[in-house]
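Asks: If you read the protein sequences in the order shown, they are chains E and S.
The opening residue of the first sequence carries number 337 in my numbering; numbering runs sequentially from there.
The opening residue of the second sequence carries number 337 in my numbering; numbering runs sequentially from there.
I should point out that these hints are in silico values taken from the structure, not numbers from a laboratory.
Note that the Cβ used here is the ideal one computed from N, Cα and C, for glycine as well.
Do not rely on the hints blindly, as some may be mistaken.
Unchecked claim - Pairs of lysine to any residue residues, derived as SDA-like cross-links and limited to a Cα-Cα distance of at most 25 Å, are as follows: (1) 409/E to 748/S; (2) 362/S to 743/E; (3) 363/S to 526/E; (4) 410/E to 362/S; (5) 376/E to 494/S; (6) 346/S to 435/S; (7) 520/E to 406/S; (8) 554/E to 721/E; (9) 489/S to 340/E; (10) 410/S to 748/E; (11) 368/E to 674/E; (12) 521/E to 407/S; (13) 362/S to 487/E; (14) 534/E to 408/S; (15) 410/E to 530/S; (16) 489/E to 345/S; (17) 492/E to 436/S; (18) 534/S to 337/E; (19) 681/E to 633/E; (20) 409/S to 533/E; (21) 534/E to 338/S; (22) 411/S to 748/E; (23) 489/S to 487/E; (24) 409/E to 526/S; (25) 408/S to 535/E; (26) 365/E to 376/E; (27) 489/E to 377/S; (28) 410/S to 749/E; (29) 534/E to 406/S; (30) 408/E to 526/S; (31) 689/E to 712/E; (32) 427/E to 721/E; (33) 410/S to 476/E; (34) 362/E to 531/S; (35) 604/E to 457/E.
Stated by the list, open to error - Counterexamples of contact, computed for chain E against chain S with all Cβ distances above 10 Å: (36) 414; (37) 532; (38) 581; (39) 611; (40) 672.
Number of protein chains: 2
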Amino acid sequence: MNIPTVNNLKRVVIIGAGFAGLQVAKKLKRDKFQVVLIDKNNYHTFQPLLYQVATAGLEPDSIANSIRKIIKKKKNFFFRLAYVHYINTKKQKVYTNVGELFYDYLILATGSVTNYFGNRNIEHFSLPMKSIPEALNLRSHILQDFESALLTKDSKIREKLMTFVIVGGGPTGVELAGALAEMKKYVLPHDYPDLDIKQMNIHLLQASTRLLDGMSEKSAQQAFKNLEELGVNVWLDCLVKDYDGQIVFIDKNKKIESYNVIWAAGVKGAMIKGFLNEDMLNSQRILVDNSLKTLRYNNIFAIGDIACMITNKSYPNGHPMTAQPAIQQGNFIANNFNHYLLDKKPIKPFRYKNLGTMATIGRNKAVCDFPYFRLKGFLAWFIWMFVHLVGLIGFRNRAIALTNWIIQYFHYNKSVRLIIRPFNRKNNQLKKN
Amino acid sequence: MNIPTVNNLKRVVIIGAGFAGLQVAKKLKRDKFQVVLIDKNNYHTFQPLLYQVATAGLEPDSIANSIRKIIKKKKNFFFRLAYVHYINTKKQKVYTNVGELFYDYLILATGSVTNYFGNRNIEHFSLPMKSIPEALNLRSHILQDFESALLTKDSKIREKLMTFVIVGGGPTGVELAGALAEMKKYVLPHDYPDLDIKQMNIHLLQASTRLLDGMSEKSAQQAFKNLEELGVNVWLDCLVKDYDGQIVFIDKNKKIESYNVIWAAGVKGAMIKGFLNEDMLNSQRILVDNSLKTLRYNNIFAIGDIACMITNKSYPNGHPMTAQPAIQQGNFIANNFNHYLLDKKPIKPFRYKNLGTMATIGRNKAVCDFPYFRLKGFLAWFIWMFVHLVGLIGFRNRAIALTNWIIQYFHYNKSVRLIIRPFNRKNNQLKKN
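Bound conformation, chain E alone:
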């Protein structure tokens, strides 16, 4: 992969430039390690705001940031745009589409991918939202559907075009449902005066008996209430069995007809070939000890969504697959490498500190659970905005996102309703008129 070898300097290869990988890459001491960061994109994605890209609120540049721009100190640092397809743990080598690379230490920070739980139909016909291209596809898809709805004289087809089904009642599903409901309320009636926007239906389907499983019961109820007020049909205890591109099949013989199913029902670890299945959980996360080291290999560590550190009491299935554990684990590993690893000093175990969780439902509406108190309504929404704004990397991205949000707040508008790359339907269900 054309990276020079430096004498007496161990090479740390980090796979993945998400919250976890980026944090390590930034903090590792370059006088102790040569750092190689590999990602399949040349940018870091601020995933918590992906739904705003999908719903025409923000352009990708506000939530994406060039990795080469983020990492300013270039000494002993190498970024490579590459896709890793195999790891040979014996030879200590990473194999990518642009060549192979030896590592002294390997840090897996590959994150997670959409989990369809083995259902090929759903994988084929539904729309995921885990990456920027996927969010842009979703944006195109939503807008194209309204353009198509205008053209058809068949009311059955129009109904299916204007019915949106979001599967999964976690933060992603809730935030997406809220944003769609706001488009229905404020934007679409102006854009499509010759359509009856009342015909637009938004369904949020959740398999368990409550929304926002990671949050408090009260916040879940508040989110439910806010969504219903916005006109979202929230279905709890409702398991999706199949989807054929036209009909969502739900247990108990219920079904919903829709051309638009957005799948936000689960994620699994983005594992790379080369590891043993017995080292992973069902959700394809690799098991690590309390120093975030893999159980089998002394020179391979895992952090973020891909890592599963089981603590008996609080996190029997590993930490939540969100930004916070990823960032904290990234910091922990950097600190471990910088101060303990080479000297073989013992280190304290990783301990996750939950700083709170939050979800926004729409204008002036959000819920926040902090360790000692809860918030809802305008204040929660304002804190949500502040936290997400500060989370964005770089002054420019913050300035642009803030400008967009302020204008949207006062104009009741979504700015970027652009179909730049039309999305090709996978299902040929639409007849020509």
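For this one, chain E is given, so just place chain S on it according to the hints.
Replies: Below, chain S alone, put in the same frame as chain E:
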């Protein structure tokens, strides 16, 4: 196409929502006409700033604007996202990918497309920059090339990857060359410290003996000087004969090896099938009389790049294919339709008023030709910025573009160096390393 017919109201169909078509659509009186605007995109593109999208200075949302958002008065107005493939002038019908439509009056405002002058190789291997997806492809292509240059050990390949050839010395070519030269100077050395950026070569090839043919000789010389100062190799009197994906063949047996050829050497009218060749000029622009009516059909008009109105003295080949004539012709047609057409009153012929032309070369550098005076340097650059900022549609786009420009000015940076959709090379010339 599912558009209602209204008694006693003539239907005007406008094809194309560029500067010309949009102007008519906005200004036609809806109590006199039913207006149908058709475009293959759901957004208007501010083409003069496309080169900034291609060189990672702006995201598309700053220079694109949803057509449904722009046209606020919805009464008797219909926008349809469609691609027109044929016009039947006898039946007075427009045929599109989403159905057909009858017109009482037709206004052609389809603009122009890249002109390869019949050379299939150049069309296949070079990169155009006439639309937002093309500009984004170019952005990905430029960034991917530097990533590839990092990986290769073959200096010959690296040289070809880092050589950029822009063909065409009009405003597009000049502005693109300037922006690339600024990337070379301010951005790339920081992003790619392990590459020798001095190896990057930027060539601007112009077929005629001077740059900026539409501008004054002095401004052309100034642009030439500024580009050379920025390190661009400007070749005048230099005709490109062919390009095979690796070598640009120039007359007099010269050649340049490069994987990156950007074609900005010409445009031609974006004609639709259904018209006679004898009604068009070589550049595929349709001939119109001095009321912008086509010579053969009393109910078909043409405006903007697609229209060719020949005035013997000043514009023997039609007006310049730029934004200004398009906007003025759009206004003229709207005025004609609103006040003269239905009453069959005689109208004054269209007269183009040249308000000035300008081109920017880089930071603090631009040239402006106004009717009575010329400007260069910082003031010209500032006026260029102001004019382009005001030209953008909508407060939001202006705010976002201005924020980007201010940050770039002080940070010497290009913000959006993102490869969101990787560009697939058409030529398999790159060996794996």
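Asks: Starting from the hint list further up, note which numbers the structure goes against and sort them upward.
Replies: Hint check: 4, 23, 32 and 36 fail, others pass.
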